[in-house]
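J.: Read off the chains here:
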Amino acid sequence: MSNNRPISYIAQTHPRQERRRFQLRGKTIGLLAVLFILASLIGWFYLTQASESTTTALRLQRLVSEREHLRRERAEVHYQIAELESLSRIRERARLLGLGPPQEVEYLYIQESEIASAPIKEDDLSSPMGDDLGRRVLSFLQVLLLGQARSEGISEVGALAIGSVGPEYEVEIER
Amino acid sequence: MTPEPRQRSHRRLIFLSAIFFAFSLILVGRIIYWQVVRRQELLELAELEHYQTKVILPQRGAILDRTGSLLATNVFQYEIFATPRDVLDPRWTAEQLAPLLERPPESLWALLDRKDLSVTLAKGIPLNVGEEIASQVLPGVGAIPLPQRTYPERELACHLLGFVGAEGDGFYGLEEYYDDILQGQPGSRGGEEDPSGLKMIAGYGSYVPAQEGPALVLTLDRTIQGLAEEKLEKAIEECGAEGGTIIVMDPWTGAILAMASYPRYDPNRFYELSEELFVNPAISEVYEPGSAFKPVTIAAALDTGEVTPETTYYDTGSILVGGQVIANWDWRARGETTITGILSYSLNVGAATMSTKIGAEKFYRYVRRFGFGEPTGVDLAGEVAGIVKTPGDAEWHESDLGTNSFGQGISVTPLQLINAMAAIANGGLLMKPYLVQKIVRGDGTVTEIQPVVRRRVTSEETAKTLSQMLMEGVEEGVARYAKVEGYSIAAKTGTAQIPIPGGYDPTWTMATVVGWAPADDPRFVILVKIDKPKTSPWAEAVAVPVFKELAEGLFDYLGIPPDEVRLAKE
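Same order as they appear, the protein sequences are chains S and F. All residue numbers in the first sequence are consecutive under the numbering used here, ending with 176. All residue numbers in the second sequence are consecutive under the numbering used here, ending with 1186.
If you're looking for bench data, these hints aren't it; they were derived computationally from the structure.
Derived DEER-like restraints, expressed as beta-carbon distance ranges:
(1) S:Leu109 / F:Lys739: 54 to 60 Å
(2) S:Ala40 / F:Glu657: 34 to 40 Å
(3) S:Gly101 / F:Gly859: 25 to 31 Å
(4) F:Asp882 / S:Leu109: 39 to 45 Å
(5) F:Tyr930 / S:Glu93: 55 to 61 Å
(6) S:Pro102 / F:Asp1136: 23 to 29 Å
(7) F:Glu1014 / S:Leu109: 54 to 60 Å
(8) S:Tyr110 / F:Pro925: 27 to 33 Å
(9) F:Val671 / S:Leu64: 15 to 21 Å
(10) F:Ile1003 / S:Val78: 45 to 51 Å
One-sided and incomplete, this derived list gives chain S residues near chain F with beta-carbon spacing under 8 Å:
(11) Gln62
(12) Ala83
(13) Leu88
(14) Ser89
(15) Val106
(16) Tyr108
The beta carbon of each residue, even a glycine, is placed where N, CA and C say it ideally should be.
Extracted from the complex, chain F is given alone in its bound form (with noise of 0.2 Å):
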């Protein structure tokens, strides 16, 4: 029996109604799964299609001394490039370009001819003719400002600022340490483009402004700087020396107000150098620092009690410590000598009776209490600890705590001895050297850096005492060539030789004075250290008359008036 003919109609209906409700479905289906399941993936092609975002370059921080003097900045160096399909008339352009970027129009021609996709036809170009070349709308033609790092003291500084490589990071000194921070922030600019790579002005676009690295403001000042590297430079050229190194420090605060090494080099032309130039000395090299260590071992005899500066020693001019026969620098005896003896005659016999008496436990804790054999910690990169060998220490001998006591066998960095002898100028706080005194951000917000005292490491009095003795050796004793006249200064000298495998060099020395003044309230601690001086090997002849020199600019120039008038004051 056939349906009725409604029933059929109703039936194609039903049928009908599924195909499409199945359509239906699908279509949503498929709806939903390029809207929803893979929206965020065609969303990113779209945009990737017609939007594009440019990265912008912040500014990297300027480094100022404590005065406000710039001592590295930023200028923009333009970078211009062709587009060879793009060009029209390739000859033409080369002939308005040549005269701008001073090459033959020639050379240009065969850039611009070539079948390449993009050819860079020149860079490091100045400021305005960048713009010049930008604002003609060379078919063809672009120009990209690059921000390019300089330095406008050139070699003022080289080894505490160091430098920026091609791809904006630093190497070496405050650039590298404070790298992170000096970078900035990166901004975008962001912007709908035709299908041509033109931006669409109307177009949905967006812009996050860079933000410029802060500014750090040093504890440097670039007069006494200027002042350290002028005299270390006469002084190396006089004496015939290979280096040297000259550190001038606050030792209230451990902030350094100078940090001058040599040879120097000039950042802004890092890539034509070696790379031996751009370490520091100060402190990224180790010495024996000889004789200069002595007032280490007097501090540690007078803070543990076993001596005091009345008390004496018969100097036979030798000791045997550990099998070691140590002797003075000038083989003489001197008998019946007081402590304060030792430093101002500089008595290696005194010094290692000294670290005998009081024994190897306390003598190595009291070097470890002065800084030696750790960093500093000073904001400079690429610092090292030294090297201090213990009991205990494979390598170490019996014989080691007489030579360590006059700075023999132990080796120490310029900062290291120089932040060591501040703290004997404090009273006996070992501070933490810094070299970065403020961070001053875009928004105007300052970070300042505050003074750390990193530990006592003798008593005030102990501390006082050793001033006085180290005073009196200036008055009357080896370092009395240090001597500015009216004015008190606490200095020791330290002429020591240079190990070499299985002994010490037989010619060369290093040649240390280091020292403070006014004595009784020092306002600067300055350290000389020249290396392998030629005309004389003693301290004494070579490195003490820098110090005198550079103590009497700084008395004028930091306004310290003479003992005299000062005392009078107070």
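So here's chain S without its partners, still in its complex pose (with noise of 0.2 Å):
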């Protein structure tokens, strides 16, 4: 039986097969449709990614450049610090202002118990603001102030306060 098989077929169609037809064109549009969005975004992926690289490389390239020019610049005054420091330049400078080697030194020796032993003044120990009760009150508002300051994050109040104080206890208050 299957050595009498025709070598060629003839199509035939069948009216149900027309529908069918029919359904499947909806199916590969919309599958065309898949691939092109697909095919699309892959393609949108590709160049974002390309035109991102290439400008990460320019950027990097310039940043290179840049490094190599601030080399370069870092160098050139390096050697222009030393050379306005160069110790020939340095005796010039000295000679133009008259200013010459030592003529005489004195050492001055002061033993270390000298120092230790010596007498303190009753001032060293009183306090730089004197003994004004009105000072001694001030400096306390000072205080406490700056201290509610702190605590509340208000370093402006704290600052006034104090500048209203004076210059002389004017104290600085770090942010």
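Can you join these two chains into the complex? Each is in its own frame, and there are hints to help.
T.: Right under this line is the structure:
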């Protein structure tokens, strides 16, 4: 039976197959649309990536060039500083300013025990603000305000309050 | 009988399959050959076609003195070149470049109008000018930045530093000795290029930054070096000498604080100068030190226990050693003389008496122990060993035992001599002199160089005794002009004749003084050598005043109080 099989076929169309073809076309379009969207997305990703990579490469190239440029500038500046600080230049400037080597050097010998046993004056022990009661009160308020301002994180209050005491008692507040 | 059609068809199929299989085999074979066997070769060829790698030259490490002042650094200078075939308008390009390169436009036009593949328009162009040319983007014109070694202090410490040649290699001094370290590691920048040679931004690339050479921090003090050079130059001009050397050293560590020689040169312009100027006389030239060598003889005599400072000998004014008559420098006889007297009055007869008393074997053992006849090991290129003839050498004669004792017939470098004296100053230890105290790398790592004790040459007691004897020589002996009021100084002078074929030069001398201060607790050792002075042949007249002035300067600069204050504090 198989030996008598015809070599070619003649296509035959069934009426029900036509309806099927219509259904398939709808799916194909859908599939093609999905494929198109996917391809577009891939293309978009690729282009974005390529563009991003080119931009980054360009930026890197610029940064490397800038790095080299700064390296050269730094070397130049170092050289200029060294030349301005050179011994011959300092000597010349000193000569123009009328400076010269010391004619006479005198060394004073102070025993360490003398420093340790030096009498301490009463002024050294007293408060830098003096004994005045008003000033003491101001000082107390100042510290109080400063502590409050710090705890509340309002440094301006402290600065204002302290500033009003006068320049002699100004306290710098770290922010 | 003919085969069936189906059988024929089957055979054809087998035949065709065989042919296809054979072709496939050949193809697979070729693929394996090209893709596997010759893969690397082809890859390299392909890379060569479009992948270009450029070497990034590292910056040579800087050299700084102990205070951080730059002694050697780098600047970039541009080389301007052109490829004439790419220059669109040679005349216009020449007019644009002329004011920047400070050259007439005609000369540039002549270069740009040539048919050469590439022409160099200018070299050594300053950084700002080079960058301006590079920024103008003139077609066919290029600018390459090239590192250039430079020395901001110019002549200062030139013999120590050396210089860097056009190819980037160090010559002489520290530049040669530390060349491998200073050069750093080159980097590279690779990238794909299109057929016209333009870099493809989006292409594959690589970047390996160059590793800059580490910086060398020296033991040298720029101020002391400047002071030494100033004093030396002044002295040489005043006494009409041919040249000279000053070395200042810390005796406790072997650190060199200054090493000055005259004549000097500007290493920035080495290419214009004679090669003779580059040699460092402090380490590369030998001379006969004369009486400045006597402390070595006395040290040997004291250390072997053959004599004490109180030992006396009878000075008749001359002595016969190995058939040669040795006389005192002033031809005078001094009668009963102490060992201290030998040093104070620089008596040749006394020194020869000592060397013959201890014998050649012991004498030369001490000479070697003090480091004569071998390089000191200082970190400078070009150091020589000196010449010491010893018994057994073909050229040694018995009379050498006498003449060597007062520094004749023995050749040393100034560095060997000061290093030997430093050993006496520090209590008997021979140090290895050095110049680099730190190597600072780009990543912040620091290698500190520690002082090296080479060996003990004498006992501490011998060194102290000798120091005391040399101090007396400054108080009342021939070195008395070295005295600085308020300070104790130990020093020894030496006026040596210059050997010439068949004898000694009748006119010229080498004047040396070497000593340290404060004598009991030295802060520095100084050696001053003046070559062929005209005004006076004597060290006392030409070298000692320089020693004194330099010592005064060092007392002020280093803040060393007079003995009275210092000892009271202690």
